[in-house]
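Peer 1: Here is how the chains run, residue by residue.
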Amino acid sequence: MTHRRRLPARSPITTTGPVVGRRSLAALAGTGIVALGAAACSNDDPLKSDSGSGSGGSDGGGSGSGEIVVGSQQYYSNEIIAELFAQALEGSGATVKRQFQIGQREVYVPELQKGTIDVIPEYLGNLLQYLDESAAKGTADDLAKGLEKALDDGLRALPYAEATDQDSYTVTKDFASQNSLQEIGDLAGISDLKIAANPEFEERPYGPKGAKSDYGVDITVVPVSDSGGPLTLKSLMDGKVQVADLYTSDPAIVKNDLVPLEDPKVMVLPENVVPIVSSKVDDAGAAAIKKVTDALSTDELIALNTRSVDEKADSATIAKAWLKDKGIAK
Amino acid sequence: MSQLLEAFSWLADPTRWSGTDGIPTRLLEHLWYTALGVVVAAVIAVPIGLLVGHTGRGRGLVVALSGAARALPTLGLITLFGLWLGIGLKAPILAFVVLAIPSLLAGAYSAVESVDPRTVDAARAQGMTEWQILSRVEVPLGLPLLISGFRLAIVQVVATVMLASYIGNGGLGRFIFLGLQLQDYPQMLAGSILVVALALVLDVALRVLERLLAPRGAARG
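Protein chains in written order, with the numbering used here: chain X, 1 to 330; chain A, 1 to 221.
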């Protein structure tokens, strides 16, 4: 399984409870994790996520009613994209039910297969790896083709957006210019390199092993478990590490003038945003969603995320303004 | 149940018991962070607690403050301190100090308070100075309670030190966080078992110490 922020291990349902021996500790850790999650999140109804993932979607009343159920992951950026799809569908005349902030891929993919969710924004590489672990590396097009094959009957992937949201080897501008860095391979030969990343980065194909085999870079992981959040960013800014694993759609990259190093060998799988839809989404619906994905570049996604992070605007407001701005909605 | 068995077989794997990221290294790191947190907390809390117990002044304030400190979520504190001090050991140790202070404080003042006032009066009547009363009468007689304060603090901190790994440190939390993120639950469970076992062992050892150090006539902890 690839993904941390999008398979949020910090989901309160799966994490702390039975794991840690001391109940008080589990409770403390639980509160902290929820608080952290909520801090970065524009979702205004935290209870909704519990019912979404906890109930196993038994209340996802999509079938027969003619309404289209749009789901989202428990990740603020994903919720914004889901809201874009939902409003675009509404614009095309469909009746939409929102089922946002569903925890993890393990929870919502079966719901998609059952037909209780009809639309969800996904990411090429992560979804393909989830469906088919042996799926080879490749470009976004390769992955999209693989996805067509890996998806169940009744489900299809609509054309993916240019926007990607993926792990990156990101450095400060100063460090990049001092060492004339442009791509990950340029890090080769720098001694005592450290990257701040979630602990599982160690085991990922694009972690230290991948960096060594693809680019000849020796790097050690300093585990910071906030999924590219403020602590990871601070460790980079403080110079405790030279590299940080930030998500490419993270507004912090632009704000702090950071440089995500290029990855010409496609070591990190492309994570373009891709809508996964059921057969209940007809041609008109697919066309409405395509208008969104056609307009959604990485810069646009960053701008959307920035509004959420900076203004704490909710996803419906952000989506509405964006769709209007792009001429997709009136 | 099968995950529990897998966790034990994870623990039984001899390759995990060596190397820089093996169990012994992580265990030592875990103990080291615990010791750091408790020692720093003790330097602050024990003198204050003894003073409060001896003079009887400021008790209400200390009780209120340590009660409030107990309510602070440690992971929240670590994140907060981390954003201020950066990643590394300082932020988590500071959070563990906050965690350990209430128990140590309570142990120290209740140790002094537990001593029979007549004994203290007798000591005073014999011409002992206040310092002598504290150091030769109150502390030795209250020792079991003082140690039980340490015991509570140590057990609390040792069970929480796993959070140090959240912010770039070692310790047994490495296994827990890595297992959690990789959905490698046997590994996560194995890490948890080690933490629980460590807490239990320390608890029992300190209880034995409490018994051994109790002078005759001392208050029972």
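Keep in mind that a hint or two might mislead.
Residues from chain A that face chain X, not an exhaustive set, calculated with beta carbons under 8 angstroms [said to hold, decoys possible]:
#, residue
1, Phe81
2, Gly82
3, Ile87
4, Val120
5, Ser135
6, Val139
7, Leu143
8, Tyr166
9, Arg174
10, Leu198
Using 27 angstroms as the maximum straight-line C-alpha spacing, the simulated BS3-like pairs for lysine-lysine come out as follows [what the hints assert, rightly or not]:
#, chain 1, residue 1, chain 2, residue 2
11, X, Lys240, X, Lys194
12, X, Lys212, X, Lys280
13, X, Lys173, X, Lys290
14, A, Lys90, X, Lys137
15, X, Lys265, X, Lys280
16, A, Lys90, X, Lys280
Hint data in this document are derived by calculation from the structure and do not stem from the laboratory. Cβ coordinates follow ideal geometry from the N, Cα and C atoms, glycine included.
Peer 1: Look at each hint and say if it fits the structure.
Peer 2: Now for the hints, and whether the structure bears them out:
no., hint, result
1, Phe81, "10 angstroms, violated"
2, Gly82, "5 angstroms, holds"
3, Ile87, "4 angstroms, holds"
4, Val120, "36 angstroms, violated"
5, Ser135, "35 angstroms, violated"
6, Val139, "30 angstroms, violated"
7, Leu143, "27 angstroms, violated"
8, Tyr166, "5 angstroms, holds"
9, Arg174, "7 angstroms, holds"
10, Leu198, "10 angstroms, violated"
11, X:Lys240 to X:Lys194, "8 angstroms, holds"
12, X:Lys212 to X:Lys280, "46 angstroms, violated"
13, X:Lys173 to X:Lys290, "36 angstroms, violated"
14, A:Lys90 to X:Lys137, "41 angstroms, violated"
15, X:Lys265 to X:Lys280, "38 angstroms, violated"
16, A:Lys90 to X:Lys280, "54 angstroms, violated"
Comparing the model with each earlier hint shows violations of hints 1, 4, 5, 6, 7, 10, 12, 13, 14, 15 and 16; every other hint is respected.
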